[in-house]
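Participant: Residue numbers (full-length UniProt numbering), protein chains in the order written: chain A, 1 to 433; chain B, 1 to 433.
A hint or two may mislead.
It does not matter which identical chain is used: a pair holds within one copy or between any two.
Stated by the list, open to error - Lysine to any residue pairs mimicking SDA-like chemistry, simulated, CA-CA at most 25 Å apart: (1) Lys2 with Asp324; (2) Lys20 with Gly292; (3) Lys121 with Arg31; (4) Lys5 with Leu320; (5) Lys20 with Asp289; (6) Lys2 with Gln335; (7) Lys5 with Asp324; (8) Lys2 with Leu320; (9) Lys5 with Glu38; (10) Lys5 with His325; (11) Lys2 with Asp326; (12) Lys121 with Arg36; (13) Lys49 with Asn23; (14) Lys20 with Ser293; (15) Lys222 with Arg31; (16) Lys2 with Gln122; (17) Lys2 with Ala323; (18) Lys2 with Ala340.
FYI, nobody ran anything at the bench for these hints, they're computed from the structure.
These are the residues of each chain, in order.
Protein chains: 2
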Amino acid sequence: MKPIKVGLLGLGVVGGGTWKVLNQNADEIARRAGRRIEVAAVAVRDVAKAKELVGDHIHITTDGMDVVLNPDIDVVVELVGGDTLAKDWVMKAIEQGKHVVTANKALLATHGNEVFAAAQKQNVMVAFEAAVAGGIPIIKAMREGLTANRIQWVAGIINGTTNFILSEMRSQGLSFADALADAQRLGYAEADPTFDIEGVDAAHKLSLLSSLAFGVPVQFDKAHIEGITTLAAEDIAHAERLGYTVKLLGITRAREQGIELRVHPTLVPSESMLANVQGAMNAVMVHGDAVGSTVYYGAGAGELPTASAVVADLVDVARLVDADHDHRVPYLAFQQNAMADTPIMAMDDVQSAYYLRLRVEDRPGVLADIARILADTSISIGSMFQEPAVNDETDIIFLTHEAREGDILNAILKIQTLDFVRSPVTRLRVETL
Amino acid sequence: MKPIKVGLLGLGVVGGGTWKVLNQNADEIARRAGRRIEVAAVAVRDVAKAKELVGDHIHITTDGMDVVLNPDIDVVVELVGGDTLAKDWVMKAIEQGKHVVTANKALLATHGNEVFAAAQKQNVMVAFEAAVAGGIPIIKAMREGLTANRIQWVAGIINGTTNFILSEMRSQGLSFADALADAQRLGYAEADPTFDIEGVDAAHKLSLLSSLAFGVPVQFDKAHIEGITTLAAEDIAHAERLGYTVKLLGITRAREQGIELRVHPTLVPSESMLANVQGAMNAVMVHGDAVGSTVYYGAGAGELPTASAVVADLVDVARLVDADHDHRVPYLAFQQNAMADTPIMAMDDVQSAYYLRLRVEDRPGVLADIARILADTSISIGSMFQEPAVNDETDIIFLTHEAREGDILNAILKIQTLDFVRSPVTRLRVETL
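Isolated chain A (complex conformation):
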């Protein structure tokens, strides 16, 4: 079969990695794909620098639209990120009847429904394995490997930067600020780490996983997002003593009232698979009614791991480049005409167990008053733990049974009016998985 021609938008970390993998493993890939996958054009900002990597035989341009409109190109690989230029190029590529491979979670999380609708109309593929959890083939597992299942929930460590920071905070007892500085020094966090540490990047990815799990449109705008910036070293230490590890999880779960879609720091049992994911690694746990719990673990970012996912998508595209829609896997695992409109639940209605830490004055009656408020708001206490008092103050920690988030917030408001409560209540969610 004749080679498939690729147009590469962006030759940064992932673009450069894609180029390298396609070249280094060209024979191995062709042995699998049954045809060669050749980069025919690249769009970059710096032509001279690009030439050093790709040489003189590849058409290099500074205008992505050149690549998109190039009639020789079968597949456009978008690795520039963002949702302005990238979006124009992706939409134009689709309009031109070209297939698209992208690692752009921000684009798909915010404009995915529009992108997939256009692609469906033009009978082209849009593949995005690299957009979630880097080299781990989690999109493929969910779109194709677990098709027998009613997926019940997905919980994932899908941001390496925050997992690195949390691993450092735990193992070294560092504060968030110090661990972030370490992460930046070692290249695990960007100069502006906002998207990572505030949970936005994880929420982008989670929105896609939620659609794949439940066959609903991508709804990043409905996600509840909390980052790790306010997490205190002492809560990580308390959690550890209680047998838990704090991880930034993306969780999406089907409930009777709708779908949970939430990113937040979470206490998970220290012996669980997710608790043992260290450093910048990623892992996604998917629970299906037939298969039970499955876990997918690997590098969630980086040049070659992400390129591994991009190139796997290219092999899929190469195989079905001239096939029709019926022969292809639907973009979001479910046929476009079979998507559901199950609502995303308001965070107040989500049920979870909670970790609450209260700094209180050490005097009689404190526990009684707090316990009364929890009882009155229907919150059942699973266990309790009190630190020895220092300077007449002490920390009380409660682990609650499952409760409605709205009820917990209500209880916290009441507790904070008590005159012996010395600082805002720390509230973290607990998941047994």
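Please arrange chain B on chain A, whose structure you already have, making use of the hints.
Facilitator: For chain B alone, kept in the frame of chain A given last:
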């Protein structure tokens, strides 16, 4: 699209599970597949019992050939196991131009090359996700998710029975015999557990994973196989103290001289992902040159988990039932005309680190003599550990650096001629992964 018609051979644990999943999740599956998947005929030993499960509307026969020759059937799902009747039916189904889905690792490990060659000629699919690691979509991950990579090695816990027994031996300090009895009582081991405990089942699966990784024919007959029957509780305890956990691993690795293909008890670092796979669960670690290490974890057996894999295969088949070969994923990940003839290495040439335990008389010069033999056979000692002597005897434990298996065996032969060595040397392999 019109429904795809399935003929089910066998309605035991996995067959029954497949029936249940196809029915319980029929709508969810159709939302994904774009068409319904309907069981049109089943072959069973006990028609009356089958009727209780599938009702009166499905054609039930006691002769598998009836199903295979039924012109209404698009796909034959073989879930009877073994390689006599099952083989006849699978080969006949292929000859009839029907697609095949099977969970039969014994059949594919011993006759896979013949089956795939016939299927290639007849332009039909043979899907076998359920044959390895139950519900974990490991075949899909390796055939499609990691196509960008030169796979370097695969190491897996791919037999739940032995992992359950080893977990019990470790956590309860049980002997192999007692742990096996527990496993049988709890339904994790069969009445005749030979295939599991001798490592044959794991080797069947490993042979398939090796072909998927390296694009070589299935070569179960060349696998080196050691089970767990001679494993002593004290070695598990010693390993634990040294920071290792003993697991039955299937390992296949590309080396310059060829491919390693081996199943044996292995010491792995206790903090590694594989060490923490408990009970009857399975996990497979795949290392690719681009992606690095990835892990796939889940239930490796059982009614519904295995059915999850069977039905996922059916959805794949449903999608490409009328496509041609170019649009489909090759049986063993690599195109049939691009298979390699890389040799499987003799076990003597395999390099590994080793755990050696020697029961010796407690007298001066013992260590010097042993250390001399190891040095003379080019074996470098990583660490050493000696138990306090009891009744003038003691255990010495060596962890060696990587050495050639042949050299280790040679050293052991020499050591066993020393008059102060009181019992056969225990030798286990150590992998850092």
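Participant: Next, verify each hint and record whether it holds.
Facilitator: How the hints compare with the structure:
1. With identical chains, the CA atoms of Lys2 and Asp324 are at most 25 Å apart both within one copy (19 Å) and between copies (16 Å).
2. In this assembly of identical chains, Lys20 and Gly292 lie within 25 Å of each other by CA distance solely across copies; the values are 15 Å between and 38 Å within a copy.
3. In this assembly of identical chains, the alpha carbons of Lys121 and Arg31 lie at most 25 Å apart only when taken from different copies (19 Å versus 32 Å within one copy).
4. With identical chains, the CA atoms of Lys5 and Leu320 are at most 25 Å apart both within one copy (14 Å) and between copies (24 Å).
5. For a Cα distance limit of 25 Å, the shortest separation of Lys20 from Asp289 across copies, 12 Å, qualifies, whereas the shortest one inside one copy, 40 Å, does not.
6. Taking CA atoms no more than 25 Å apart as the test, Lys2 paired with Gln335 passes between copies only; the shortest distance there is 15 Å, against 30 Å inside one copy.
7. Taking the closest pair of Cα atoms, Lys5 and Asp324 come within 25 Å of each other both inside a single copy (19 Å) and across two copies (22 Å).
8. Taking CA atoms no more than 25 Å apart as the test, Lys2 paired with Leu320 passes in both settings, with 13 Å inside one copy and 22 Å between copies.
9. Taking CA atoms no more than 25 Å apart as the test, Lys5 paired with Glu38 passes inside one copy only; the shortest distance there is 5 Å, against 39 Å between copies.
10. Taking the shortest alpha-carbon separations for Lys5 and His325, both the intra-copy value of 20 Å and the inter-copy value of 21 Å come in at or below 25 Å.
11. Both within a single protomer and between protomers do Lys2 and Asp326 lie at most 25 Å apart by alpha-carbon distance, with minima of 23 Å and 12 Å respectively.
12. Taking the shortest Cα distances, Lys121 and Arg36 sit within 25 Å of each other only across copies (23 Å), while inside one copy they are farther apart (28 Å).
13. Taking identical chains as interchangeable, the C-alpha atoms of Lys49 and Asn23 lie at most 25 Å apart only when both belong to the same chain, with a minimum of 18 Å there against 57 Å between chains.
14. For a Cα distance limit of 25 Å, the shortest separation of Lys20 from Ser293 across copies, 19 Å, qualifies, whereas the shortest one inside one copy, 35 Å, does not.
15. In this assembly of identical chains, Lys222 and Arg31 lie within 25 Å of each other by CA distance solely across copies; the values are 24 Å between and 44 Å within a copy.
16. Within a single copy, Lys2 and Gln122 get their C-alpha atoms as close as 23 Å, and across copies as close as 24 Å, so both meet the 25 Å cut-off.
17. Proximity of Lys2 and Ala323 under a CA criterion of 25 Å is satisfied in both settings, with 15 Å inside one chain copy and 19 Å between copies.
18. Within a single copy, Lys2 and Ala340 get their C-alpha atoms only as close as 40 Å, which misses the 25 Å cut-off; across copies the closest is 22 Å, which meets it.
In this structure, every one of the numbered hints holds.
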